[in-house]
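**Student:** The task is simple: from the sequences and hints, build the whole structure.
As given, the protein sequences belong to chains R and F, one line each in that order.
This note's numbering numbers the first residue of the first sequence as 509 and each following residue consecutively.
This note's numbering numbers the first residue of the second sequence as 509 and each following residue consecutively.
Relax, there's no trap hidden among the hints.
Put simply, identical chains are the same to the list, so a pair is met inside one copy or across any two.
Below, simulated DSBU-like cross-link-like pairs (lysine-lysine); rule was C-alpha separation at most 35 Å, straight line:
{"hint": "1", "residue 1": "K827", "residue 2": "K860"}
{"hint": "2", "residue 1": "K599", "residue 2": "K587"}
{"hint": "3", "residue 1": "K539", "residue 2": "K827"}
{"hint": "4", "residue 1": "K599", "residue 2": "K725"}
{"hint": "5", "residue 1": "K617", "residue 2": "K539"}
{"hint": "6", "residue 1": "K806", "residue 2": "K539"}
{"hint": "7", "residue 1": "K659", "residue 2": "K587"}
{"hint": "8", "residue 1": "K587", "residue 2": "K725"}
No lab work stands behind these hints, which were simulated from the structure alone.
From a predicted model like this one, the values you see are computed outputs, not experimental measurements.
There are 2 protein chains.
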Amino acid sequence: MPLEVLQQAAAEMTDWHGSGMGVMEMSHRGKEFIAIYEQAEADFRALLNIPAHFKILFMQGGGIAENAIVPLNLSRGGKVDFVVSGSWSEKSFQEAARYCQPLLAASGKASEFTALPAPGSWQLSADAQYVHLCSNETIHGVECHELPDLKALGSAAPLVIDFSSHVLSRSVDWSRVGLAFGGAQKNIGPAGVTLVVVREDLLGHALPACPSAFDYKLVAQNDSMYNTPPTYGIYMAGLTFQWILRQREGTLQGVAALEQRNIAKAQLLYDAVDASSFYENRVSPASRSRMNIPFFLKDESRNDAFLAGAKARGLLQLKGHKSVGGMRASIYNAMPLEGVQALVDYLREFEKSHT
Amino acid sequence: MPLEVLQQAAAEMTDWHGSGMGVMEMSHRGKEFIAIYEQAEADFRALLNIPAHFKILFMQGGGIAENAIVPLNLSRGGKVDFVVSGSWSEKSFQEAARYCQPLLAASGKASEFTALPAPGSWQLSADAQYVHLCSNETIHGVECHELPDLKALGSAAPLVIDFSSHVLSRSVDWSRVGLAFGGAQKNIGPAGVTLVVVREDLLGHALPACPSAFDYKLVAQNDSMYNTPPTYGIYMAGLTFQWILRQREGTLQGVAALEQRNIAKAQLLYDAVDASSFYENRVSPASRSRMNIPFFLKDESRNDAFLAGAKARGLLQLKGHKSVGGMRASIYNAMPLEGVQALVDYLREFEKSHT
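**Tutor:** Below, the structure written as structure tokens:
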């Protein structure tokens with residue numbers, strides 16, 4: 509998280525804006541917290557240009573809970589098309605079977621999830637209740653760079669995206685989205701807050717088995733206060749939204765500034781990997797993630813030495829997910845270009861000293 | 509929340525114990541957060557003397573989500589006995605109908621929830637999967653001071669208690685409990701963490717409709733990390749646990765010290781109300797809550813003047829819940845005796861100046 513956000517939180521811990529209370533001590537129904545909540549919601553809407561006919565919900569349980577909550581609310585027990593492009597969408601596909609008839613519209617499994625299946629190849633059902641897509645897969649490093657126009661593909665179903673791991677790193681074309689959900693812990697704030705953005709016409713169809721606390725319609729009607737919301741997490745998310753609003757790159761600001769910065773950061777790292785015969789990234793260029801960049805040493809017997817050298821330089825958490833192996837650099841919004849440059853410098857140096 | 513807990517959190521915000529990271533920046537699978545988690549769990553177990561055959565789960569969604577999650581996990585779709593002693597247990601009773609056959613074993617409604625229905629009068633089913641009791645009702649100010657021995661009442665079912673609003677204010681007799689759940693926001697920490705204490709033999713019976721993220725068995729098997737846990741909330745809860753461990757009253761310490769303090773605080777306020785002919789508390793003495801004390805001005809036309817005078821003295825949040833009216837003092841663990849004394853002084857002064 510950005511240092512200035514943490515410093516502001518520390519400074520306001522026992523007294524928020526002269527109220528005599530810290531945010532953790534506020535009633536969620538008091539005017540102070542309502543002001544925090546409304547500002548956070550308005551800033552998130554502004555940052556992503558979310559149209560007025562979408563509701564913004566602050567919920568709990570993260571993306572894994574949403575794997576159940578989305579079909580509980582949207583599937584009506586019918587067919588749902590899934591695009592499986594990595595581990596996260598595979599989990600969503602499996603969980604949905606509790607509530608509906610999940611259909612595999614496309615899978616990248618045969619190519620070991622090294623590319624997003626091309627939208628033109630998706631087998632979409634005529635009567636699906638929605639189409640599920642994880643728009644950034646953290647483990648496989650696969651990102652969807654242009655949301656599909658489902659109508660043009662012959663489907664009348666709304667598109668549901670799991671944007672947990674790249675929310676606020678880029679703009680979203682809401683004309684192509686019915687619902688987007690994401691846990692806060694990558695680009696927004698502390699774990700324990702889930703953001704759900706849902707088109708109003710999709711509310712009100714929850715299955716009888718849907719817990720009231722997770723019924724989008726009840727949550728929306730109660731401004732995310734049907735149950736007590738995670739107040740401090742919402743406050744921290746709000747501070748991060750304000751930080752993003754302050755970001756500038758040339759004439760760009762907010763998410764557009766971060767998007768340009770994220771493109772530059774990813775390019776720097778992919779170029780270094782591609783230019784080398786020592787490392788490789790196996791993801792198809794058109795599907796490469798700007799947030800999560802898995803790469804391999806061609807001689808994997810050097811993995812331990814690579815990680816030890818990285819750690820000695822303060823380059824942490826570079827070990828790839830156990831299901832994939834190799835290395836992975838996660839370069840979320842809060843990672844500056846200098847951090848990526850330090851990694852690239854290390855890549856070159858390690859290669860040089862081992863060839 | 510205790511001031512010293514907030515001050516410690518502020519001091520550690522950008523650097524926890526020299527790790528170079530704030531708690532919000534930690535991976536929930538890293539050794540630093542695992543240490544925080546394990547300490548919090550061990551301290552909570554020690555504070556409440558929780559036996560080894562109970563699992564402690566850190567979940568999300570609060571008590572209102574648990575109203576669905578408990579029957580999803582424990583009801584097996586069968587009969588469940590509910591003791592309805594106020595608004596919270598009534599909500600639990602209503603929500604359970606999505607998943608099981610909730611039966612009204614007892615209700616305090618006829619007496620306007622001014623007493624906990626006597627255990628001897630409960631109509632318990634021979635084949636209930638569990639018995640639900642809210643052991644402290646915040647709105648009606650009704651507390652269960654001795655957990656019932658269901659076996660002695662002829663029921664073989666486990667007792668489930670919602671202890672959200674008085675957890676850690678007193679000891680718990682675990683020999684009489686199968687499961688206890690509570691949101692953290694009253695006595696523990698920030699909203700967004702739910703504590704569930706569940707006897708191991710009750711795990712593994714979730715209904716197919718139970719979301720994986722809320723299946724107690726999966727949560728227990730994954731040490732509350734099946735989905736990403738609310739890391740910062742768990743850290744804050746842990747700081748509060750440490751604060752409670754440091755509390756002393758004479759030779760008592762920890763929860764026993766707080767319990768003695770809470771008895772004294774409640775006694776002070778009830779005595780003042782009972783001694784006056786100007787105020788009244790309508791709850792039967794044996795069922796009176798130590799945490800939430802609703803009271804009425806006998807002449808309710810003076811309510812606004814009472815609240816205005818209280819506010820001028822910094823005595824806040826005294827308005828009773830809209831469903832009950834009157835006044836309510838919530839005197840949770842963090843409220844010192846001096847705070848209650850200030851309220852009692854005001855009660856006397858207001859009475860004197862209005863009679």
